[in-house]
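Chemist: Per the working numbering, the very first residue in the sequence shown carries number 274; after that it's consecutive.
Derived by calculation from the structure, the hints in this document are not laboratory data. Some clues are possibly wrong.
Listed next, the in silico BS3-like pairs over lysine-lysine satisfying Cα-Cα at most 27 Å (straight line) [claimed, not checked]:
| # | residue 1 | residue 2 |
| --- | --- | --- |
| 1 | K621 | K833 |
| 2 | K611 | K777 |
| 3 | K911 | K958 |
| 4 | K911 | K929 |
| 5 | K524 | K606 |
| 6 | K817 | K953 |
| 7 | K833 | K698 |
| 8 | K777 | K606 |
| 9 | K425 | K621 |
| 10 | K486 | K529 |
| 11 | K698 | K555 |
| 12 | K1003 | K928 |
| 13 | K934 | K953 |
| 14 | K425 | K1042 |
| 15 | K833 | K934 |
| 16 | K389 | K1042 |
| 17 | K360 | K400 |
| 18 | K524 | K592 |
| 19 | K817 | K928 |
| 20 | K486 | K524 |
| 21 | K529 | K592 |
| 22 | K400 | K351 |
| 23 | K486 | K425 |
| 24 | K591 | K529 |
| 25 | K911 | K807 |
| 26 | K817 | K929 |
| 27 | K529 | K540 |
| 28 | K953 | K928 |
| 29 | K591 | K486 |
| 30 | K833 | K648 |
| 31 | K953 | K983 |
| 32 | K648 | K1090 |
| 33 | K928 | K958 |
| 34 | K983 | K934 |
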Amino acid sequence: MNRPLNMRRNIFTLLLAMMMPWYPLYVYSQRERILMDEGWLFALGSASSPEKDFGCGTEDFNYLTKANSVHNKGPYSKDFDDSEWEKVDLPHDWAVYLPYDRNAIHSHGYKMLGYKYPENSVGWYRKIINIPETDLGRHLYLQFDGIFRDSKIWVNGFYLGGEPSGYATQTYDISEYLNYGGENLITVRVDASMAEGWFYEGAGIYRHVWLHKMSDLHVAPFGTFISSRLNSTYDSAVLNIETNIENSGIKATSFKLRHILFDREGKEVGSCDGNGENVYPKTSQTVCSQLTVDNPELWSTDNPYLYNVMTEVFVDDKKVDTYNTTIGIREVKFDVNKGFLLNGKVVKLKGVNMHQDHAGVGAAIPDALQIFRLKRLKEFGCNAYRSSHNPMTPELLDACDSLGILVIEENRLTGINNEHVRLLKRMIERDRNHPSIILWSVGNEEWGMEWSEQGTRVIASMREYCHRFDPSRMMTVASSGGPSVLVPADVAGYNYILQNPIDKYRGQYPLRCGIGTEEISGCGTRGVYFDDFKNGHMASLNLKPNGKDSVLNCIERGWKFYCERPWLGGMFYWVGFDFRGEPDPIGYPQTGTHKGIFDYCGFPKDEAWYLKSWWTDEPTLHIFPHWNLGGHEGDSIKVWVYSNCDEVELTVNNKKLGRKKMPENGHLSWDAVYYPGTVKAIGFKNGKRQLTRMIRTSGKPERIVLTANKDTLFANGQDVAVIDVELKDKKNNFVPTACPLLKFTVEGPIRILGVGNGDPAYKDGDSPKDRGTRHYQVKSFNGLAQILLQSDTQKGTATLTVEGEGLAGTSYTIECK
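Go ahead and model the full structure; you've got the sequences and the hints to work with.
Modeler: Okay, structure coming up:
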């Protein structure tokens, strides 16, 4: 007998209720989001042998055979002895602590990680959490924002699943597996034997972990999609709100929604309602609503104004869930003639590509350090960020939203099968409410398809998937020259003028919008002006251009090209910050790239001042090279100046070398003969002296100068202060060649998170394993070093002391509140 579908569902629900009388049919509870970063245990396993890998999977009935086998004896067993395991907090990148080997994979920085080193390439994590009995009947799930890579997750011995990609957010329902009113074991196995990229990627749980608690009827994970549509005068906006409501319980439920819009000060500025039909158990329902906003504050790079939409879910007039979504109201367009427009105004993209790596922490970058890195970029005029070549850390996107930095977010792998599309979908659905994101990128330099019909078909399909998951944005793909992938893209992404005949493509495809997704910076090792390949150092290519036009490797080439073509939306330099891996062209002993405009501590190289000159309105005047060129006395030296002054006059050792007019988006240079002394530059604006800069040949280093990005930390175990160390002589001149060993000591409620110096060939340890370490050291490089200090959970005054041989020690005080 065939019963109506609704009747069958109701009977099924009733039977479930009769079978489980002890389980509440519905629990009215508000949502909690709990950070799970503290108090993990860690140990290396083995990729070569299950026996060496703590016996994982060797049981008679292993985790793939039975849901929770009594034979479990590996790290996912509650009886496993982890007393010898290391205590760690997240984010955690165990590759940072591994030694180097010139036979290791060069693209990953010669770290002893990967298939050649099976005993270093698998890591295990365990954590005990207590779940109160009052949570019974709620929906609980774990969220892992990023684990590199090939991870498997267990709770109380139950295998939840896994994720091969190191860049995908994972969520797991754990409600039915928990011991309510008792202890619960979370176990994670991570296998970093294989790489996903051709750059340093780290190893471990390098992003946050969250525990979510909520009512059975709730907004699904990443369950809101809010897009804005502005009118032609930009004084009114309509918010289209899609809300996915999920029922994890055993009872069909009807509900109502209320969306409340709050401005930056927390004032309510609008609201709307929505009604849902019955949501049956283990299903979800999407409700569409609209909200009109009069005279909205528009999100932009200069005014990154953010609103909050609070979504409330009601059952029988009782509030059961609250979900907050941060949004920005703005209009993004690409035009075939005008380039990129934000809120109807032309904005040239002044961008950089970035990998997730920083001195002292590797891929496990704390939130506060993400903000430091973005602020450094923006300080020098950058307004755009391309996530090369993977989805971003959520908190990094939050920072881009709040700082007004435009984003191209890139999928890791190009393709149209389930494996590719699920990752693309996960990225877009997680991040599509971020106002900073202007484009989705579906690939980078896919050489195997750029000149083929397959490439055209694949990119066309991915374009449609992007539009399906997010109709509000366009997509792009970064090409190394092949037109097959560019033609179907909404916006063509050109990787390097050298590889792409962009003007030719403009004639062939006049309706195609375009941007420069990568372009040469020409950078070398910070503070190095003569090649020293033996020690892994290289002078900037900007000082020795080659090619028929003599500007092939100049940073100026890219910006001039894109600036002169209004139909191109802008460009992204390769690369913003140095990172481990891709040590071209030297190779070992160089272990990291030196193509960054900033080194891997964030110290600016000379080329950063080119950007500041032409990407900002701040008066800028920068002279290089430094004037400590011992061994080159009597040699001819070109002295360069980056500036946005109209004219610059240069004097070397009291000899005037002339006053020159600064070419637009260019530089000036003079021929000089090196002898120790002084170089002085005077910049003129509208015929009047505007700036004066001077560099001198310094003496030996005697003073340590500390500069911190903040002097107060939140006592939350998460906040980070970045302390830059600068070496000066007795006359307070910077010593650009000084490389003494520096020793750090900390006291109070603070810990040494990591150190660095910006040297792409540095191989000493840059992060202490022991959280309780009070002393550490680093060799300075060309006058600079950096230490990262992280707060404890205790309040009080913390002190950093820095000493070095022949140097007067100095201290810095930080308040933890």
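Chemist: Against the structure shown, which of the earlier numbered hints fail to hold, in ascending order?
Modeler: Hints 5, 7, 9, 31, 34 are the ones this structure does not satisfy, whereas the remaining hints hold.
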